[in-house]
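**Q** In order, the protein sequences belong to chains L and R.
Sequential numbering of the first sequence, starting at 174, is according to this note's numbering.
Sequential numbering of the second sequence, starting at 174, is according to this note's numbering.
Simulated from the structure, these hints should not be mistaken for lab results.
Treat the hints with care, since some could be wrong.
No distinction is drawn between identical chains; accordingly, a pair holds when it is met within one copy or between any pair of copies.
[To be verified] For lysine-lysine, the following BS3-like pairs were computed, each having C-alpha atoms within a straight-line distance of at most 25 angstroms:
{"hint": "1", "residue 1": "Lys288", "residue 2": "Lys237"}
{"hint": "2", "residue 1": "Lys205", "residue 2": "Lys288"}
{"hint": "3", "residue 1": "Lys322", "residue 2": "Lys304"}
{"hint": "4", "residue 1": "Lys285", "residue 2": "Lys237"}
{"hint": "5", "residue 1": "Lys288", "residue 2": "Lys304"}
Protein chains: 2
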Amino acid sequence: MRDILFRQAQIEDLRDIVRLLGDDELGSQREKTTSDLDPSYMHAFEAIYADPHNCIYVVEQEGKVKGCLQLTLIPNLSFAGAWRGQIEGVRIDRSLRGTGIGTDFFRWVLEKARKSNCKIVQLTMNAARTKTHAFYEKIGFEATHTGFKLYF
Amino acid sequence: MRDILFRQAQIEDLRDIVRLLGDDELGSQREKTTSDLDPSYMHAFEAIYADPHNCIYVVEQEGKVKGCLQLTLIPNLSFAGAWRGQIEGVRIDRSLRGTGIGTDFFRWVLEKARKSNCKIVQLTMNAARTKTHAFYEKIGFEATHTGFKLYF
């Protein structure tokens, strides 16, 4: 696979990232993917970018953003004061699914988390995404937990 | 129930919090509950206390810490740039279980998250904790997700 790059997201990538978030069975119901980017995404991106414990990473292919996720580093008391890496908002463009790029991207991000002193990396997956379950287990995640959400 | 107070944890509470984390079927296998507090807990507490997006809250009864949890505020792009509240390390002392104090504590913390502009609050529960499932559903959480963990 040619010209694949993993890197931190910049503000110029935001429109592509929002497109990826919305190009999804569940995401299409909750994202505002109008041609003018909703200012709420800009504010959120700025808050993430300004926070040393939050970072969005992207997959770039031939100058285009083809994947994204957010890594949050959380200081925690459990497990004798272990830092946790929390992953949210994972998307891989349809054109790259099944190519192994998603696995490579995850391994690259896991290495970032490990170097940031994380002892645990965690994520939740909507149980409706049945195909994604095997992907995470292949990378080394274990589905030991139930994920609860409450929406205000 | 008399003399119950919900408040932010202070460094003086740390020994009691670590005791609560360890007084648990799963926690007893992973916490260092020796009489001298392991310095790793001190370092973690300091990192949490210094971070405006992380806070440990406790239940105090008659001057003693009887419950705890950590709330992390995460800026996020999904759901049109909604902040998320993430809850970790929930413990209620055995003496207070079934009294409704846990529910009151959670409602108080959820209000903190709502006032901090969170649109979602989330947590994961080890699937082995079968008794706790109903507790979270009663408060308003929905068990829609699978929680994956990877330990380095």
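**Q** Work down the list of hints and note, for each, if the structure agrees.
**A** Against the structure, the hints:
1. With identical chains, the CA atoms of Lys288 and Lys237 are never at most 25 angstroms apart, being 27 angstroms at best within one copy and 38 angstroms at best between copies.
2. In this homomeric assembly, Lys205 and Lys288 come within 25 angstroms of each other (Cα to Cα) only across copies, at 24 angstroms, whereas the closest approach inside a single copy is 35 angstroms.
3. Within a single copy, Lys322 and Lys304 get their C-alpha atoms as close as 21 angstroms, and across copies as close as 18 angstroms, so both meet the 25 angstroms cut-off.
4. With identical chains, the CA atoms of Lys285 and Lys237 are at most 25 angstroms apart within one copy only, with a shortest distance of 22 angstroms there and 40 angstroms across copies.
5. Within a single copy, Lys288 and Lys304 get their C-alpha atoms no closer than 30 angstroms, and across copies no closer than 36 angstroms, so neither meets the 25 angstroms cut-off.
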